[in-house]
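Chains P and F are the protein sequences, given in the same order.
According to my numbering, numbering within the first sequence proceeds without interruption in unit steps and concludes at 190.
According to my numbering, numbering within the second sequence proceeds without interruption in unit steps and concludes at 583.
Incorrect hints may have been included.
[Stated by the list, open to error] Residues on chain P that point at chain F, a partial pick, calculated with CB under 10 Å:
| # | residue |
| --- | --- |
| 1 | E36 |
| 2 | E38 |
| 3 | R44 |
| 4 | L48 |
| 5 | Q82 |
| 6 | A89 |
| 7 | P96 |
| 8 | T104 |
| 9 | P108 |
| 10 | V110 |
| 11 | A125 |
[As the list claims (entries may be wrong)] Away from chain P, derived, C-beta distances all over 10 Å, residues of chain F:
| # | residue |
| --- | --- |
| 12 | H129 |
| 13 | R154 |
| 14 | H182 |
| 15 | A249 |
| 16 | D306 |
| 17 | K547 |
Simulated from the structure, these hints should not be mistaken for lab results.
Don't be surprised by glycine CBs; every beta carbon is placed ideally from N, CA and C.
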Amino acid sequence: MSALNIKKGASSHSAYDLRSTFGDTIERHTLAVIVENEPGVLARVIGLFAGRGYNIESLTVAEIDHTGHLSRITIVTTGTPQVIVQIKAQLGRIVPVHEVHDLTVDGPSVERELALLKVAGQGEARVEALRLADIFRASVVDSTLQSFVFEITGTPEKIDAFSELMRPLGLQEVARTGVAALARGKESHV
Amino acid sequence: MTKTMTGAKMVVQALIDQGVEVVFGYPGGAVLPIYDEIFQQNSIQHVLVRHEQGAVHAAEGYARSTGKPGVALVTSGPGATNAVTGLTDALLDSIPIVVLTGQVPTFMIGTDGFQEADTVGITRPCTKHNWLVKDTDKLANTIHEAFHVATSGRPGPVLIDIPKDVQFANGTYSEKSKRKSHYAPQVKGDIAMITELAEAMAKAKRPLFYTGGGVINSGPAASQLLRELVEATGFPITSTLMGLGCYPASGPAWLGMLGMHGTYEANLAMHGCDLMINIGARFDDRITGRLDAFSPKSTKAHIDIDASSINKVIQVDMPILGDVAHVLEDLLKVWKAQGRKTEKESVAKWWKQINEWRAKDCLGFTQDGPIIRPQYALSRLEALTKDHDRYITTEVGQHQMWAAQYLGFEDPNRWMTSGGLGTMGYGTPASIGVQMAHRDSLVINVAGEASWLMNMQEMGTAMQYRLPVKQFILNNERLGMVRQWQQLLHGERYSQSWSEALPDFVKLAEAFGAKGIRCDNPDDLDEAIKEMIAYDGPVIFDCLVEKHENCFPMIPSGKAHNEMLLANAQVQGSITATGAVLV
């Protein structure tokens with residue numbers, strides 16, 4: 001189905017994109033929301049999801065344009081196609097929201113997440129952890145005689161896989177950033 | 001030339017620059033500097049309400065009856081929290097209002113100071129947008145931006161929270177023309193889709209216009225264009241509660257209101273049409289009834305300025321994102337330029353069918369016996385006031401539905417009611433807001449006694465400002481709509497739905513210094529209504545009506561349009577357990 005992607009102020013935009021061909025399957029979508037970095041803007045976005053009962057699987061936010069005071073919120077959400085369209089429309093009408101992009105339907109995109117994992121252990125388990133870290137291209141950012149902190153970057157699935165492997169080897173703690181995502185190719189959103 | 005002034009003065013200056021003439025408000029510690037500035041000027045009239053909820057509803061009444069944004073000014077903490085119901089009401093009905101709240105000084109925010117509340121936090125989900133202004137230099141621009149946001153796109157309430165130190169501090173005033181904003185919703189509809197709609201209209205055999213509050217919000221031009229379109233096509237037209245007046249009730253194509261308590265002909269036309277043209281309505285649950293049986297055979301077009309209204313509950317075939325007036329203008333142009341003709345024979349057949357439904361006379365009643373029936377009271381009110389320059393507000397409940405059924409509206413902006421939120425206590429303060437904007441018009445609040453008591457303190461406001469609002473109370477000593485649902489759904493167990501210890505409304509009127517009129521006899525009703533109209537001042541009209549009258553027609557919850565009930569006899573067992581869950 002085509003995405004609802006109406007740029008504010010764009011009068012020539014075709015409303016054909018609003019046509020619905022909805023199904024009942026639950027889909028996972030990655031949304032990039034460009035917002036004015038003003039107080040409360042994150043609360044507005046999160047409040048929308050909480051108030052209307054939408055899911056947030058992952059959410060990251062940081063200012064990306066310090067002169068223009070624009071932030072990029074990357075939200076991974078799930079829902080039926082109808083719900084996904086509603087989410088985008090509801091996001092679009094928040095006043096400080098400049099743009100809403102659905103990276104899942106706009107074309108190919110790359111998604112990356114960073115995670116830090118603390119693994120404690122000795123002997124063979126410690127060696128095995130280090131070997132697996134090497135396979136996953138995780139780097140060691142802290143080390144004691146009893147522990148490592150690994151830094152790993154990749155898709156959420158890769159991080160899931162790495163965490164699962166670390167679990168029997170003494171995984172103590174995980175910190176994940178949530179997903180950052182960009183469309184592939186030369187076109188840019190901001 | 002830059003102008004330096006205090007934040008408080010800036011507030012007043014910005015309101016003047018925005019063309020504000022009336023502010024409804026209530027002072028308190030955190031807005032004292034602003035009130036000091038209001039004292040020292042004559043451009044803006046301040047109306048002192050008796051409760052902050054009243055201020056917001058009055059601003060709504062003002063806004064709905066003029067098309068201009070309404071303004072309310074209240075203090076921090078309880079002042080702001082009392083405004084929440086009005087804000088939510090305005091959000092649900094898309095009414096442009098600007099609410100200014102005082103706040104504790106910036107250095108006290110977060111300390112649980114006296115009369116401190118997280119106003120922007122509390123009102124975030126019940127405003128279109130809100131701002132906490134921490135810098136006096138940004139205050140004027142924020143107010144200008146607030147008016148822009150409230151009135152652009154889908155209108156709605158906005159709130160500006162102003163800490164007291166920001167009001168005292170000096171800053172640079174920025175002119176209205178210097179406002180910078182990225183907020184510019186799309187108003188022109190997609191011309192290809194509009195052309196497709198025109199084609200569908202030319203081919204339609206059973207077409208229907210389904211209009212809503214968006215037509216009124218779009219401005220008088222939208223109503224005018226709608227009337228031209230209806231005339232050009234000869235298609236029947238119905239409207240939601242919020243859209244009454246966009247097409248004249250006396251017009252030949254008018255089917256009456258649709259929905260839960262809409263007319264038989266309007267609802268069956270919705271069910272049976274083959275082309276539904278939704279103009280500025282939002283497929284509310286009061287309209288659709290059971291979703292999977294909603295207008296099953298129709299192709300649906302939807303004109304709306306809010307993308308999130310499109311395909312929210314009902315999937316449509318021709319979505320047109322844009323402002324109603326702009327889209328209708330283009331639609332009429334396309335229709336005329338292409339010399340479009342309707343399927344005359346089929347549409348005539350459709351009208352024949354509609355007229356058969358009309359012949360049911362679903363709103364018919366007989367006034368027999370010595371007790372006034374509410375339908376009779378409103379029919380007489382209609383007959384005796386329709387030739388006046390008249391504005392109607394209502395409270396919420398049975399009387400509201402009867403008012404929508406039995407009063408006729410010829411023009412937009414004449415009908416002020418709480419549709420989306422269903423706020424009891426809306427009508428009295430709204431009537432005050434309307435009367436402030438239209439000093440010489442006849443403003444009537446059609447009320448039930450229970451709703452009316454919720455904001456009756458505003459009679460004091462009406463007295464103070466010599467606002468001759470007429471409070472027309474259909475008194476059944478019951479919470480009528482609650483009682484009706486208990487009868488239909490809860491085995492006639494009337495839990496807490498009657499009003500004991502009601503005041504003597506005539507004495508109450510006199511206590512306020514207003515006029516009280518009581519009528520309990522159908523034969524006296526006309527004279528009593530005439531006396532109410534003739535009186536130059538506020539009136540509380542206590543109309544004692546049949547206590548157990550039910551509001552029909554009614555689509556029971558969980559049912560489809562073609563399953564509507566016309567009278568009490570059909571009620572038994574009509575609502576299933578799943579239907580009972582719905583409100």
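Results of checking the hints against the structure:
Annotation: interface hint on E36 of chain P holds; nearest CB of chain F at approximately 8 Å, less than 10 Å. Taking 10 Å as the C-beta contact cut-off toward chain F, the hint placing E38 of chain P at the interface holds, the least distance being around 8 Å. With a cut of 10 Å, the hint placing R44 of chain P at the interface with chain F holds, because the nearest CB-to-CB distance is about 6 Å. Here the hint on L48 of chain P is kept, as its CB sits about 8 Å from the closest CB of chain F, short of 10 Å.
A cut of 10 Å between beta carbons decides the hint on Q82 of chain P: the least distance to chain F is about 7 Å, and the hint holds. Because the closest C-beta pair between A89 of chain P and chain F is about 4 Å apart, less than 10 Å, the hint holds. The interface hint given for P96 of chain P holds, since its Cβ lies 8 Å from the closest Cβ of chain F, which is under the 10 Å cut-off. About 18 Å separates the beta-carbon of T104 of chain P from the nearest beta-carbon of chain F, more than 10 Å, and the hint is not met.
Interface hint status for P108 of chain P: violated, as the beta-carbon distance to the closest one in chain F is roughly 26 Å, over 10 Å. The interface hint given for V110 of chain P is broken, as the beta carbon of that residue sits about 28 Å from the closest beta carbon of chain F, more than 10 Å. Checking A125 of chain P against chain F: minimum C-beta separation of about 48 Å lies over 10 Å; hint violated. For H129 of chain F, the non-interface assignment is contradicted: its Cβ lies about 4 Å from the closest Cβ of chain P, within the 10 Å cut-off.
Distance to chain P contradicts R154 of chain F as a non-interface residue, since its nearest Cβ pair spans about 8 Å, not more than 10 Å. The claim that H182 of chain F lies off the interface is violated: its Cβ sits roughly 6 Å from the closest Cβ of chain P, which falls inside the 10 Å cut-off. Every CB of chain P is more than 10 Å from the CB of A249 of chain F (nearest about 32 Å), matching its label as outside the interface. The claim that D306 of chain F lies off the interface is violated: its Cβ sits roughly 6 Å from the closest Cβ of chain P, which falls inside the 10 Å cut-off.
Its beta-carbon lying about 40 Å from the closest one in chain P, K547 of chain F satisfies the requirement of being farther than 10 Å from that chain.
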